[in-house]
Amino acid sequence: MTTIPTLATRTHAREAAQALAAELSKLLSLPATWLTLGGTLAVNLILATAFTIAGLQGSTGTKSALDIGLASISYAQAGFVILGVLAACSEYTGGQIRTTLTAMPRRALQLSAKHLALAIVVLPAAAITAASGVVLTAAALGDAAVPVTSGHVAAALSGVTAYLALTTLISAAVGALVRQTLAAVVILLGYFFIVGPLLRDHTPAAKYLPDSAGFAMWFPVADNASAVTPAQGALLLTAWTIVLIAVALLGYRRRDS
Amino acid sequence: MITIENLVKRRGSKEILTGISFQGRPGRVTGFLGPNGAGKSSTLRILLGLDRATSGTALIGSVPFVWLPDPLRTVGAMLDGSGAHRARTGQAHLRWVARSAGLPRARVDEVLEIVGLTNAASKRVGSYSMGMGRRLGLATALLGDPEILILDEPVNGLDPDGIRWMRTFLRERAASGRTVLLSSHLMGELAETVDDVVIINEGKVMADGTLDEVTGSYRTLEDAFFALTTGGSL
Amino acid sequence: MRTLAAEASKLASLPSVWIALAAGVLVPSVIAGITASATLGAITRGAKTLAGVDTGYQELAFGVVGVIILGVVGISSEYFTESAESGGGRQVTTSLTAVPSRLRFLLAKISTIAITSALLAITAAATTMGVVQVVLGERAPALGADDVPRLVGVVCYWVYTALLAFGITVLTRHGVIPLAVLIANTSVVTVTYLLTKITPLANYLPDMAGVRMFIRKLADNTVEISPLTGGLVMTAWVTVLLVIAAIAFTRRDA
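Protein chains in written order, with my numbering: chain A, 172 to 428; chain B, 1361 to 1594; chain C, 765 to 1018.
Extracted from the complex, chain A is given alone in its bound form (with noise of 0.2 Å):
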């Protein structure tokens, strides 16, 4: 048999390490997972043909190959929310948390790593999904396209990551918090879909709530002195994310699972 090395005692530091390696294998030997993210960026290429097209005609009012490019990403969010909540709320099937708990008991510790392997793994595809549509809209574009500066793409698209990855970690919490699938999901679609944008177009505050916060990032208002900055929409969120995470900690350690 395989020697198993001796119970020398654990070092947090690796202790926190195989704990991080043990949830980015559990998400990436999902299949969910890879649905979910290759079914975002095949939906996104298509709502961005669709807003190439009327670009084409000359139906959305600008002729920015960023702009148009990156419109198809408030829908394709939904995939990132559902990416969140699966990770999240797959411990509960077949009893897995059971297994997770027994495998890692200190539960801070597993909950975060989890959050920091989402966080690895999201980053990437989330980059990956936003440039698809700018690259499919500029090259269909061609000529025809406003001339933007690779700056100006370049924060444009980091923006996009990062309101992504941030949006698809708060999408975690509250799946930890909820710990049923659909049930989240119709918290944070319904959120992001419908309360988020009537809140946006009816009270002034709403700006500072995460979708708000997060479109300021890539999607800055124009000419208007109280809005969000990118640079504040970045905090906001971040601070957004990092309080939903506590308080699904907190949630996650106190109760029975």
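Computed footprint of chain A on chain B; a stretch qualifies when at least three of its residues, placed anywhere within it, have a C-beta under 8 Å from a C-beta of chain A: (1) 1407-1417; (2) 1420-1432; (3) 1443-1449; (4) 1454-1466.
Bear in mind the hints are in silico, worked out from the structure with no lab data behind them.
For clarity, every value in this text was computed on a predicted model and none was experimentally measured.
The C-beta atom is built at its ideal place from N, Cα and C for all residues, glycine as well.
With the hints as your guide, set chains B and C onto chain A.
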């Protein structure tokens, strides 16, 4: 060594455990018996840090489970079901558990071999039969080659061959000086496996001792069990 | 009838169904409260003279989120559970042993969801219109004979949307995808609305056609579809989808 002392668990106004105390000793198989709903699973869940006790302690060695520096190599646990996500393969499930304790990948193949799941390793857990799910649960418990095994209803869902195999397996573990605690509501299956017996009913310990002590004047363990859990009216 | 009663009690025992019912009433009436007070502000400032013809109805179009959840959960709960005890067991096996005829099982489910959605739509329409009347007072658009067919249209739209959600979920057997697609498409600017920018044919997609039953002014839209045509188009979509779902459900393994 497993030490449970004065464990009380309340859910809402209902008291599920009303002061449970017993021990699981090294080199012995301890059977934790009781009818369905007696509080067996609740006790094991508290022991494993999954649920919190209202009061009382449950210790592994001298510390609560959640303080163990390297839990997977100290305690192997199998609760009901497979404990694995339906969409993952058996192998992928064992791999992430192995990573959480830094165990080598080869150990995964080893435990698959031990429980006889090598051929089903790359099938999704959702396609497993109940017995296969239980075997996967056992494989997970064995990954870290732990000193202590805690098994909830280990023979549930196993076929006669599987039950026999499990019995021999657990006896061998105890013979090598390790601690085995198993819960069951099936008396007949257990009489030949356990050294010590703890019988609980409605959250209270009704009997605690060696197999002979508990069986006592009754003909079989089963008779003793029914006498103790149905008010002694047999 | 007994199957229907069984399905109704199954539905009532799901926590998500109660969330769906609450969302169905609260979403349109709260939004109506917010928009109506904004409109009132605009009128008193003199920026506007009248509340729009679609006041209240617009909000009821968002309220379908409640019946979307209802339609999805009503069937996905048969396939998927996350309770620790069941270990991921499927209720559908039990259900089909209790009601061996799959078609009857499906019809009972469809009827239960349709009846619940209709009741929910009536309640939501009453509260939403009530909120509009209370907030706007005499500035509210007067409710008249013309509103009867429109409110009937709201109820039809809600029932049809619930059945669409139900039909898609029968096919996918998992609720997340239909929920995501349908909720995303209930947003302020819907995907189907954007598609109408590309091709006028998109006006005949189920939701775009269906809202014609009660919405009178679609922003930036020049294609005219009468309420009756809109209703018929949506009926056709729902019928086709349910037939496909029924065929799939009766043919495949549970």
